[in-house]
Structures are given as structure tokens and as C-alpha cells.
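Chains as they are written, first to last, in the numbering used here: chain A, -9 to 246; chain B, 1207 to 1536.
A few of these clues could be false.
Using 27 angstroms as the maximum straight-line C-alpha spacing, the simulated DSS-like pairs for lysine-lysine come out as follows [what the hints assert, rightly or not]:
#1 Lys97(A) - Lys1399(B)
#2 Lys207(A) - Lys1298(B)
#3 Lys207(A) - Lys1469(B)
#4 Lys1323(B) - Lys193(A)
#5 Lys244(A) - Lys1469(B)
#6 Lys193(A) - Lys221(A)
#7 Lys97(A) - Lys22(A)
#8 Lys1336(B) - Lys8(A)
#9 Lys1502(B) - Lys1341(B)
#10 Lys136(A) - Lys1399(B)
#11 Lys1397(B) - Lys40(A)
#12 Lys1336(B) - Lys40(A)
Residues of chain B clear of chain A, computed beta-carbon distances all greater than 10 angstroms [as the list claims (entries may be wrong)]:
#13 Lys1240
#14 Leu1241
#15 Gln1244
#16 Glu1259
#17 Gly1260
#18 Gly1263
#19 Ile1337
#20 Pro1374
#21 Pro1393
#22 Leu1442
#23 Thr1467
#24 Arg1511
To be clear, the hints were calculated from the coordinates, so they are not data collected in a lab.
Built from N, CA and C at the ideal position, the CB exists for glycine as well.
So the chains spell out like this:
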Amino acid sequence: MNIVACVKQVPDTETLIKVKPDGSGIDETGIKWVMNPYDEYGVEEALKLKEKFGGDVTIVSLGPARALETVRTALAMGADKAIHINDPAFEGADAYNIAAALAAAIKGIPYDIIFCGQRAIDDDAGQVGSVLAEFLSIPQITIVTKVDVEGASIKVVRPIEGAQLLIESSLPCVVTTQKGLNEPRYASLPGIMKAKKKPVDVKDAAGLGITVAPKAKIAKTLPPPARPPGKIICGEEPAEKARELAKLLREEAKVI
Amino acid sequence: MEESKMAKGVWIVAEQRYGAYRKISFELVSAARKLADQLGEEVGAILLGSGIEGIAGELGKYGADKVYIADNALFEPYTTDAHATAVAKLVKEQNPSILLLGSSAQGKDLSASLVGKLATGMATDCVDLKIVDGKLLSVRPMYAGKCYGEVAVSSFPQMASLRPNVFPAIENPKTAEVIKFEPGLDPSQLKTKVLEVQKDTSGKADLTEANIIVSGGRGMKGPENYVILEELADVLGATVGASRAAVDAGWRPQKDQVGQTGKVVSPNLYIACGISGAIQHLAGMGSSKYIVAINKDPDAPIFARADYGIVDDLFKIVPELTKEVKKLLA
């Protein structure tokens, strides 16, 4: 079974995001970069399937030179090889163009399942996996918390509002991964040593035969809207504070 | 621009399950109506399902001028391939200028697939929409709300998915014209199938759809203590949520997690109990309309985001609050 796991390098969840004064994006100074947490579930699931069925796990990542560190992390976890798409033309590119590049890179390798995180925690767009499936003309199942492969089909669990679905799809397909799917392993020291020698194929847009033409563009990046200062409710007894809070929620905020 | 001259209309994809609308459908039509009035264009809605003809007109109540319906057993329950095929076919034929979906479980899935099928751009999980120079400008949180982006789409349709519970559903009655269309489904091309639907029997709204959320964090000290939050939630008609710390400790199920790596929620009221307000939690609930923090640490960052704060022991405050609310609502 040949599996592809797409990974993106993103700021760590605890990062404070600073917007550049001119609104052209975020200030990347001092950011700690990590593998997108949702992509980690995809890498882990790929490795588990490889352990069960054999085959190869290929990591595909699009990002600047620093993203190579995230690619190496995935290789250290146990993936076999990687494709790193690195071209300044992709800076600020939208999901459509990123998916086009991933599809072009993946077309050249055999695959049965492609894992993508259900969204990246930087731009939170949650589109790339689905668009990739469209480019490859294969089915997609998104936001998945359980994966079972049987023969040429896959069964997955997808939580939706107020229910869980058990969905079957033919292979190959794209699966986007959600927290709860598994517990991603840490890279072992021998894994880290081995990863240094694993092949990473670096590609640019021209090498993939594509041109980048964004359809969606972030015209301006803004800090979050300020909230008016809150009220601290004082009082002698818990009961008194609770009464005051209930009253404010009822009469001032009108939310209960 | 040639294409923009041709593309016309503000469209939405409605969401229903087994003949019952999801609330997001009305939020979508209301948001579309507002944009269409600014543009002097019509609101079109797409409704897919099985046995849904009887509910089609209801979208007119919120301002839909036209409702395009396709009634087919293959649409229920929802699968990406059936729905995306039908919507893409109709949108290509009719060429609306703007296409809005919900950022719900179904809408996230369908909208992203349509971005590929329609070769266009989309702003995901938007909290505000504006028309600037005749074009859509979508405002959306990024980095889970640590910053916001204004997104412009240069291709058509200009797509946006809307965060549930943010855009008000406003009645604005029109007599909607109901138009049947041929969805162009080829069963041999449908590769995914729903084998089983396991319904949540709690009777509680999903966190992403809840009007009120009572949420507990590390300060709850253990899974057994959530009962006091559940009692408050019952009185308020609220859903109970949890911080990542509480979920990672195994106190609460994964589906209850609010935060950057959990659910992003925007209820009318969010009551945070024993939650310090780690940046990744604030990211998941920062767009709530009112935030209450109950925490004994006066320096907890959650207080900086709260509309109302109580610095005290939650084990004393929460049961009292339950009593007080019960009295008020009696």
C-alpha cells in the first residue's frame, strides 16, 4: 500500500501572532515553527497502515526552505521519502494553486491513500485536501476520526453535528484527518539519524509544469477586533456574585 | 471584466437533513439578501435532498427570490460526490457572482470540493461580508482568530463559507419561485457511500450550533466534577464544552474540545469555568458574543477577554449561579 501524507509547517499553537503595521501579513520574527497538528495525524495513520500492509509512505510539503525541517520530522517519524515544493511563487498562494502543485507532484508517484490535515492552523482555510482530490479526480472524505482499510476500499468515521457517520469509499482517495484519529508518535533518535539520509526531492513550479495564478487573495491582514473592557463582579458571598451575574446576563446582555 | 458582467446573483447552498432545515440555511439566505440588495441582484438558493419539495418555499421567508431544487434519493444522506456534482453543474449553467455556504460539517466539505470543481477561490469561515466596488470582500479569522484577513476573490463565483451562529437569520418575506433542475447524477460515478448514521442521543445542540456553552478546564480538577456544569447547562439549555487540558487529561471526549485544535465556536454566551485562557483556547471562542469567566486566579488571561468576570472558587459560584438562573427563568 502506497500512502502520501501532505504536511505543512505552521506556527506553534502557543504563538502570539503579530500583524505587520501595513497589514500585508504577519510578522514572522521569533515564531516557533512546527508540523501542522492535523497533518501529524495523517503521518501517523500513514505509518500505521504501512506497518500493517507494507508499502511506502511519501511526504509531500509545500513551503519555503524552513519547511524542510518539518519534512525531516515526518521522515524521522518513519516515512520513507519526501517531495518538498519550494518556490517563492507560492508565497500567499490560495488553496486552488497549492492543491494544483501538490497534485502535480503526487501524479508522478503511486498512491492508494492521500492524507491531509483537515485544516492548517495558520490560515485555517481547510480547502487543500478537497481541491487536491478534485485535481486527481478521486473521492474525498473529510474530517475523519477513524480509518479502516479492507481490500480496495476504506471505511472511515466522520463526526458531524449531532451524529457520527460511517462512510465507505473506493481507493484511491483523499482523507482529511481530525484530532482523535490517533496519537502521533514522536521521532526516535535513530529515526532522526536515519531521516538525514532519506531522499527529499525538491521541486519548483516550473519543474512541476504549473504556473501560479491566485484566485483568492488576502487583501489585508488585521489584528482581531478589540473587545470592550469587561466587568469584574464583586461581592461578599458567592451567592451574591452569582445573583449579580445572573441579573447582568438577563437584563444587560439579554442572553438568558 | 468580461466575466463579472455575465456573473450575476447572490447564491447560497441550503442545508437540510431528512427534510428539516439546519439553522445555517436561514443565516445564509439572510446574509445573501443583504448583499443582493446592495448589488441590486437576486438571491438564489440551491436545495438538494430527498422529498424536499414541500420545504423549498420556506427559504423565501428569509429573502430568497429563487429556490433551485433537485429531489433525488442519492442526496440523502449527504455525500460529497453527489452534492458537489449537482451544485457544480447548476452553478456553471447559471453563473452566479457570489456563492455562499455554511462553515458547518457539510458546508466545509462541500464548499472545499466546489473550489476544485468550479476552479475558483473561497474565503473560509467568514464572520463578516461586505460589498466594495461591486465585489465581495470577506472578513475571516485566521490563526484561529489571532488575526483577521480581508479576502478578495478574483474568479467567479466568489465563494465564502460563513461561520454558523454569526450572521443573524432575519425574516424578509419574498415569494420564492421554486425551480426544479436536473442534477446530472450518474450513480456509477458516486464513489462514497454512507453505511451508517449514528445519532448523538444527548439531545444537546452541537457546540458549533449552541446558543450557550458552559465550558470547563483544568480548574474542574476531575471528570466527576463536570456534573455541576451539566446542571447549569441544563437550566440554561446550554451545551457543555471543555478546554484542551481537560480533553487531553481524558476528562471529556474529543468532540467537546473548544480551541484552535478543537471546535471554533461563537455562541451568544460562553461561560468559562476554571479555564485560564491559554491562547489556543481563546482562539476557539473569541468570537462569542458574551464571555463570562469564573476563575479563582485574578491574573488568568481569560479575564482580559471576558465581558463579565468572577474571581472566586468555581465550585462555590457555579451551583449558586444554577440556583439564581433557575429562579430568574422560573
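Hints, one by one, checked against the model:
1. Lys97(A) - Lys1399(B): Holds, at about 25 angstroms.
2. Lys207(A) - Lys1298(B): Satisfied, since the Cα-Cα distance of roughly 22 angstroms is no more than 27 angstroms.
3. Lys207(A) - Lys1469(B): Holds. Lys207(A) to Lys1469(B) sits at ~25 angstroms (cutoff 27 angstroms).
4. Lys1323(B) - Lys193(A): Holds. Lys1323(B) to Lys193(A) sits at ~26 angstroms (cutoff 27 angstroms).
5. Lys244(A) - Lys1469(B): holds (25 angstroms)
6. Lys193(A) - Lys221(A): violated (55 angstroms)
7. Lys97(A) - Lys22(A): Roughly 32 angstroms separates the two Cα atoms, so the pair is violated.
8. Lys1336(B) - Lys8(A): holds (25 angstroms)
9. Lys1502(B) - Lys1341(B): violated (48 angstroms)
10. Lys136(A) - Lys1399(B): holds (16 angstroms)
11. Lys1397(B) - Lys40(A): holds (24 angstroms)
12. Lys1336(B) - Lys40(A): Roughly 48 angstroms separates the two Cα atoms, so the pair is violated.
13. Lys1240: Nearest chain A Cβ is 19 angstroms from Lys1240(B), so the label holds.
14. Leu1241: Label holds. Min Cβ-Cβ 17 angstroms, cutoff 10 angstroms.
15. Gln1244: holds (18 angstroms)
16. Glu1259: holds (24 angstroms)
17. Gly1260: holds (23 angstroms)
18. Gly1263: Correct as stated: the minimum Cβ-Cβ distance to chain A is 25 angstroms, above 10 angstroms.
19. Ile1337: holds (14 angstroms)
20. Pro1374: It holds; Pro1374(B) is separated from chain A by about 14 angstroms at its closest Cβ, greater than 10 angstroms.
21. Pro1393: The claim stands: Pro1393(B) keeps its Cβ more than 10 angstroms from every Cβ of chain A (closest is about 13 angstroms).
22. Leu1442: violated (6 angstroms)
23. Thr1467: Non-interface label fails for Thr1467(B): nearest chain A Cβ at 5 angstroms, not farther than 10 angstroms.
24. Arg1511: violated (6 angstroms)
Violation of the numbered hints given earlier is confined to hints 6, 7, 9, 12, 22, 23 and 24; the remaining hints are satisfied by the structure.
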